[in-house]
Amino acid sequence: MSETELSPQARALVEEYLTSVRDALRGTDLPRSEILVDLRTHIEEAAAHTDGSVDAVRSIIDELGPAEQYRETAEDTAEGATHTGRRVLGMPYDFTPPSTAKFAARWWNPADPRILMPKVWGVGWTINFGAIAVKLGIMRPDDEDAMPFGNVPDRVLVLAMLVPTVIAAAGVIAVALAWRTLPAEVPTHWGIGGQPDQWGDKLSAFGFLLLMGAGPVLLGWLRGFRRGTSRAVRAFWAAGTVMFSTLGSGLVGVTIHSANDASSEWLIWMIIIGALVLMFAMLVGMSRLGLAAEWRDAPKLRK
Amino acid sequence: MSPVSETRISQFRKGVVELAILALLDSGELYGVEIVDTLGKDPALAISAGTVYPLLSRLKKGGLIDSVWRESPVGPPRKYYQLTKRGETELEMMAVEWTGVSESIHRLLEAHRS
Numbered sequence: 000m001s002e003t004e005l006s007p008q009a010r011a012l013v014e015e016y017l018t019s020v021r022d023a024l025r026g027t028d029l030p031r032s033e034i035l036v037d038l039r040t041h042i043e044e045a046a047a048h049t050d051g052s053v054d055a056v057r058s059i060i061d062e063l064g065p066a067e068q069y070r071e072t073a074e075d076t077a078e079g080a081t082h083t084g085r086r087v088l089g090m091p092y093d094f095t096p097p098s099t100a101k102f103a104a105r106w107w108n109p110a111d112p113r114i115l116m117p118k119v120w121g122v123g124w125t126i127n128f129g130a131i132a133v134k135l136g137i138m139r140p141d142d143e144d145a146m147p148f149g150n151v152p153d154r155v156l157v158l159a160m161l162v163p164t165v166i167a168a169a170g171v172i173a174v175a176l177a178w179r180t181l182p183a184e185v186p187t188h189w190g191i192g193g194q195p196d197q198w199g200d201k202l203s204a205f206g207f208l209l210l211m212g213a214g215p216v217l218l219g220w221l222r223g224f225r226r227g228t229s230r231a232v233r234a235f236w237a238a239g240t241v242m243f244s245t246l247g248s249g250l251v252g253v254t255i256h257s258a259n260d261a262s263s264e265w266l267i268w269m270i271i272i273g274a275l276v277l278m279f280a281m282l283v284g285m286s287r288l289g290l291a292a293e294w295r296d297a298p299k300l301r302k
Numbered sequence: 000m001s002p003v004s005e006t007r008i009s010q011f012r013k014g015v016v017e018l019a020i021l022a023l024l025d026s027g028e029l030y031g032v033e034i035v036d037t038l039g040k041d042p043a044l045a046i047s048a049g050t051v052y053p054l055l056s057r058l059k060k061g062g063l064i065d066s067v068w069r070e071s072p073v074g075p076p077r078k079y080y081q082l083t084k085r086g087e088t089e090l091e092m093m094a095v096e097w098t099g100v101s102e103s104i105h106r107l108l109e110a111h112r113s
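Line order of the protein sequences matches chains D and V.
The numbering of the first sequence is numbering that gives the first Met the number 0, which starts it at 0 and goes up by one.
The numbering of the second sequence is numbering that gives the first Met the number 0, which starts it at 0 and goes up by one.
Worth flagging that the hints you see were computed from the coordinates, not collected in a lab.
We treat Cβ as the ideally placed atom computed from N, Cα and C, and that holds for glycine.
There's no promise every hint is true.
To be verified - Pair by pair, the computed Cβ-Cβ distance ranges are: (1) S26/V / W294/D: 20 to 30 Å; (2) E28/V / G190/D: 53 to 63 Å; (3) A292/D / E102/V: 26 to 36 Å; (4) V15/V / M146/D: 20 to 30 Å.
Claimed, not checked - Just a sample of chain D residues kept apart from chain V, beta carbon distances all over 10 Å, derived: (5) R25; (6) R31; (7) I34; (8) V36; (9) E44; (10) W178; (11) Q197; (12) G214; (13) L277.
Based on the sequences and whatever the hints tell you, model everything.
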């Protein structure tokens, strides 16, 4: 690139702008350094066609808009990319870091009628519970804004997070109560028909299940509910961990039940379906309570 | 069709639908179903709810439109959409661009036919 010498003031202006964009991008999951390099290149190339004065650089920057707006545009583009989805063996995959925008676009996106969405992270699909709610007539496609759960009362979110907590705790209590009566070896795997076909040491079997149920819940309280997280983040942690805790505690129940050779034909399927239904109910419930709060506070809610 | 050109066409379509929504809202506020019904009725546009709602959400996020809740005679409150100042400016600019593009295409097609 032919160097038009930027005046020191102009250079300072560029640095100042890049710093403000860097700050605005902090806390997002966007590839910050790549964006900043692109942005710097863009400004420098545009400036090369000018006299390199402060005014010329200022007009280039004005055209890009304030840092906040730049972040929104960048997020919008990232969100758009999540929809096109790359594919491997016919399955979509996505290994970009999970972000709240991605959860909103794929787990709870009533505006989009597609029920199967690419996973937030990994290979395969995830369920867009928002589309199901719309199909069932429980929600309208535009009941939520681009970032959902924005008006859910804070105590509702805490109560929501208590649901997976209680379920995970129930699993721990069940194991504690049944421990003495359990044989040393318990079922660890079941066939399609629900008959145990693998057995294992009870400490590791239950340890694994309890970790699967309680681990995410603990993370939810520590990371999802730490100070300053958005309501959407909290709602997604509550709904997501309910899935894990229900599966974990449910399988604890099945293990205890079938440890004495009892069959559990449909129990496992019930638990999987139950976990999905519960997650759905949590998302719908939080969304509706958020809407109720929004309607109550809407200054323009009139005929 | 290659994925790239598919994306390009869908981008193009998106732009047209955006323009259609903004133009529709220019004559007054409407709620979602009204927008979907009006745009869906036009066979040339053939825009479905699945296209309209994500775009409404995007336009709102971009600050071109805004929404208010209003009581409905039947059922729960409805979300009404209206143009913002920025949306009005954007609509004007897009309309000028669109007219330019469509006139050029029209001219090209005329030349092709004769």
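These are the hints, each one checked on the structure:
no.: 1; hint: S26/V / W294/D: 20 to 30 Å; verdict: holds, 27 Å
no.: 2; hint: E28/V / G190/D: 53 to 63 Å; verdict: holds, 59 Å
no.: 3; hint: A292/D / E102/V: 26 to 36 Å; verdict: violated, 49 Å
no.: 4; hint: V15/V / M146/D: 20 to 30 Å; verdict: holds, 26 Å
no.: 5; hint: R25; verdict: holds, 20 Å
no.: 6; hint: R31; verdict: holds, 21 Å
no.: 7; hint: I34; verdict: holds, 19 Å
no.: 8; hint: V36; verdict: holds, 24 Å
no.: 9; hint: E44; verdict: holds, 24 Å
no.: 10; hint: W178; verdict: holds, 50 Å
no.: 11; hint: Q197; verdict: holds, 43 Å
no.: 12; hint: G214; verdict: holds, 34 Å
no.: 13; hint: L277; verdict: holds, 25 Å
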